[in-house]
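Please construct the entire structure, taking both the sequences and the accompanying hints into account.
One line per chain: the protein sequences are G and A, in this order.
To convert, take the position in the first sequence, counting from 1, and add 25; that gives this note's numbering.
To convert, take the position in the second sequence, counting from 1, and add 66; that gives this note's numbering.
Each hint should be verified, as a subset may be incorrect.
Unchecked claim - Per the computed footprint, the stretches of chain A lying under chain G, defined by three or more beta-carbons under 8 Å from a beta-carbon of chain G, are:
# : segment
1 : 119-129
2 : 136-146
3 : 149-158
4 : 164-175
As the list claims (entries may be wrong) - 25 Å max Cα-Cα, derived SDA-like pairs, lysine to any residue:
# : chain 1 : residue 1 : chain 2 : residue 2
5 : A       : K153      : G       : R119
6 : G       : K178      : A       : E122
7 : G       : K209      : G       : S199
No wet-lab data here; the hints were simulated from the structure.
All C-beta atoms in this analysis are idealised placements derived from N, C-alpha and C, irrespective of residue type, glycine included.
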Amino acid sequence: MYIVVVGGGQVGYRLAKILLSDGHEVLILEEDPDRCEKLTEELGSVVYRGDGCEVVTLESVGTGRADLFVAVANRDEVNLAACQVAKHRFDVPRTIARITDPANEAVFQILGVDVTVCSTQVILSHIEQELPSHPVIPLLKLKSGSLEVVEVKIPAGSRVVGKKLGDFPMPKGSAVLLVIGKDKGPQIPTKDTVIEAEDEVVAVTNSENEEPIRAILMGK
Amino acid sequence: MKVVIMGCGRVGAELAGMLDSHGHRVVIMDTDAYSLRKLPASFGGSAIVGSGLAGEDLKKADIEEADVFVSATRGDNRNAMACQIAKHIYHVPRVVTRIYDPMREEMYHSLGIESVSPTRVVAELLKEKAEG
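As structure tokens, this is what we get:
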């Protein structure tokens, strides 16, 4: 396969090195002359100095016969422009762009980039797996004793939604102080206060009971 | 007409002033607050600090209500991306940009973006002057 890689940074370099050793024909486009020299020393004459978004440059490296076009520069807009020129001017069958802003994933797909890879999103999804998506937010630690005031936002799927506060007892030493309704505003709760989705519940608790409170208020 | 302009350089600021004095509603945005000083003193539209590539900033500029989006930053790639976001994500009826690379201008044109290439325009003007 003939693969054009835009951007000779760390990602471009590693990618090219592996693809070359797999026997592919690879060309790296890089604008910075010093970087070009370094890459040439390491990889041989597979580096071309130029702007990977420019039609003239892409023409001179034979982008028209490329099977794959990979844009891994460190700016999202550069990668988009490069992939679009490859696709619309040179009919490259498959374009891959690296992006850093997860919000751009949808944009790039709408605009015709075949594959997007967002390292930020990959890392985020690993973090999110390990953290509850609606955490118990500590608001205030009381100086005396180990008590703290925490806030919990009730998720839509929680089993307490639509039920009275009195129906689910809090762990010993913990109490709900305030329920802030999305529409109703803050109210001092009684055991008859009905909890709704998106309500913010402020409670006083000790650190051991944080997890039980989370389980009661946010469990499905 | 409601116009959102991205990029408050010399061209962006001048254009904002012109459109504003013609009675259009203008919002101009730039990532650098300092650039907004280039706006003429008489400018009556709004000026905000933000990027035309960021959804939340575009919403602050009321992009959903805009009739026209103009991108006039120094970077062709930024201009092209911002215009395509305005057109395809926020469905702004008309998007116009400046593209320095004349060969890319045709391509963006075929993608539904109106553009002006100062490179070609200025080169032609200079050629006329040179030939006398």
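Against the structure, the hints come out as follows:
With 3 residues having a beta carbon nearer than 8 Å to a beta carbon of chain G, the segment 119-129 of chain A meets the requirement of three or more and the stated coverage holds. Restraint check on the segment 136-146 of chain A versus chain G: 5 residues with Cβ-Cβ distances below 8 Å, three needed, restraint holds. Note: the segment 149-158 of chain A has 4 residues with beta-carbon separation from chain G under 8 Å; the three-residue rule is met and the coverage holds. Check on the segment 164-175 of chain A: 4 of its residues sit with their Cβ under 8 Å from a Cβ of chain G, so the three-residue criterion for coverage holds.
Proximity of A:K153 to G:R119 is assessed by CA-CA distance (about 24 Å); at most 25 Å being required, the pair is judged to hold. Between G:K178 and A:E122, the direct Cα distance comes to roughly 24 Å. Compliance with the 25 Å bound is thereby established for this hinted pair. With a CA separation close to 24 Å, the supplied pair G:K209 and G:S199 stays within the 25 Å bound.
Against the hints set out earlier in the document, no violation occurs for any number.
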